[in-house]
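Peer 1: In case you want the letters, here they are:
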Amino acid sequence: MEEDAVEKASIVVFSGDMDKVFGAFIIANGAAAFDMKVTMFFTFWGLKALQKGNLTGKSPMGRMLGLMNRGGADRIGPSRFNFGGIGRWMFKKMMNRRKVMPLPAMIKQARELGVRFVACEMSMNVMEIRREDLIDGVELGGVATFIAEASESKFSLFI
Amino acid sequence: MEEDAVEKASIVVFSGDMDKVFGAFIIANGAAAFDMKVTMFFTFWGLKALQKGNLTGKSPMGRMLGLMNRGGADRIGPSRFNFGGIGRWMFKKMMNRRKVMPLPAMIKQARELGVRFVACEMSMNVMEIRREDLIDGVELGGVATFIAEASESKFSLFI
Amino acid sequence: MEEDAVEKASIVVFSGDMDKVFGAFIIANGAAAFDMKVTMFFTFWGLKALQKGNLTGKSPMGRMLGLMNRGGADRIGPSRFNFGGIGRWMFKKMMNRRKVMPLPAMIKQARELGVRFVACEMSMNVMEIRREDLIDGVELGGVATFIAEASESKFSLFI
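Protein sequences, first through last, are from chains A, B and C.
So the first sequence is numbered by my numbering: it starts at 1 and just counts up by one.
So the second sequence is numbered by my numbering: it starts at 160 and just counts up by one.
So the third sequence is numbered by my numbering: it starts at 319 and just counts up by one.
Warning: the hint list may mix true and false statements.
Within a straight-line C-alpha distance of at most 25 Å, the following computed DSS-like cross-link-like pairs (lysine-lysine) qualify [stated by the list, open to error]: (1) B/Lys258 <-> B/Lys217; (2) C/Lys426 <-> A/Lys58; (3) B/Lys167 <-> C/Lys355; (4) B/Lys313 <-> A/Lys8; (5) B/Lys251 <-> C/Lys376; (6) C/Lys426 <-> C/Lys410; (7) C/Lys410 <-> A/Lys8; (8) B/Lys196 <-> B/Lys217; (9) C/Lys326 <-> B/Lys313; (10) A/Lys8 <-> A/Lys108; (11) A/Lys37 <-> B/Lys167; (12) C/Lys326 <-> B/Lys167; (13) B/Lys196 <-> C/Lys410; (14) A/Lys93 <-> B/Lys217; (15) A/Lys8 <-> B/Lys211; (16) C/Lys472 <-> B/Lys313; (17) C/Lys472 <-> A/Lys154; (18) A/Lys154 <-> A/Lys99; (19) B/Lys313 <-> C/Lys410; (20) C/Lys472 <-> A/Lys8; (21) A/Lys37 <-> C/Lys410; (22) C/Lys410 <-> C/Lys370.
Short, incomplete list of chain B residues facing chain A, as computed with Cβ under 7 Å [stated by the list, open to error]: (23) Trp248; (24) Asn284; (25) Ala309; (26) Ser315.
The following residues of chain B were derived to be distant from chain C, with all beta-carbon distances above 12 Å [what the hints assert, rightly or not]: (27) Asn213; (28) Gly216; (29) Arg256; (30) Arg270.
Since the hints were made in silico from the structure, they are not lab data.
Yeah, the Cβ is synthetic: ideal placement off N, Cα and C, and Gly gets one too.
Bound conformation, chain A alone (with noise of 0.2 Å):
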């Protein structure tokens, strides 16, 4: 099979809602287990996904983004019915009970099938994230790596 021939995807996952980021892994991970070519691109809320979960922030105003913000595959909560971490619980214990796969273990699975993900470095500038603020295995990068995915992809979507 020549290098063209593989067919790609291209995600950008702009919310930081645990409903949301969950579903741009189980495209994700879905298109990857059908042997596509996934990248990731994760910008703004998108980035606390991919953040350890420590408080972020330098500057006073960016240590209150950290703290009202804060990251980590398994404190994001949904975009309805959160009520201070409530939600979040509920959807957990409602998707366990199905046996769905909880985040964390969804995004690891994505890196075992091949998922590139790419923080937005402006982003991470302006909300004072650090790379070492990241899980390990991100790249950073720009828009213009997701023109260059996105204009070869079979799909792209923002999510």
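We have chain A; now place chains B and C onto it with these hints.
Peer 2: Same frame as chain A, but now just chains B and C:
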């Protein structure tokens, strides 16, 4: 015309907000009117658009979710300014005044135009929504169905 | 180079949140910088990014919506942590510190790069936004314009 010459479009309906669901159907019906073969994948909150509107859920958590998140094309509210239903009423009124087709009619039109509705089985399991809670003419499917369609689509959207 | 050899990209801007609109322009301008022909479709809340910022609406409901949902690239707030404008101010400050171009400059750049702006006429009718409430250089169009462009695009996004 050969089979593979038919142009396809794929739309993931993740949101359950009236305005976004409405946007999804505008695009789906528009594409179908141009003879494209359109598949809509309803997942997570998007399932609400396909629900009949009865209360759902069996476990205490499922019932609570069903109560807070009651579905039905005529019942869902906009992503902004809903204010417990006033926004929904206002938008319907403003749309009606401009002769914009209401959502239930849009859904009916989509089916008449041959748009394919696929409901995400995993989401249904997690949210305790049963086949009989959905309107007629909906297929059950998973991420594989989406990947297959999206890979052959002229455009794919996540709404 | 033949006409059809030009690569296209299509972006639906449905959201009126500052952060999402900003993301849309980052991608649009990035693609245009790579010589892609980019079309942005502004619909529903996304119209706010193209509004001059004056109050809109003629009917009582239209005026109320115009008041609650006042547009203008410099006025819209982020999807999270807006807190009545503090979030907007904070994000602008954080972006400015990192030398990130503010939204009005991004829009100007998009136009200079030849990005095509299409405003959804149906949304304008429903929301009672007139042509003269929008900035210059915007075409009016409908879903057919989007379908035509998206069908020929290397990637299409719904933001």
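Peer 1: Broken hints, numbered, in rising order?
Peer 2: 1, 2, 7, 8, 13, 15, 18, 19, 21, 23 and 29
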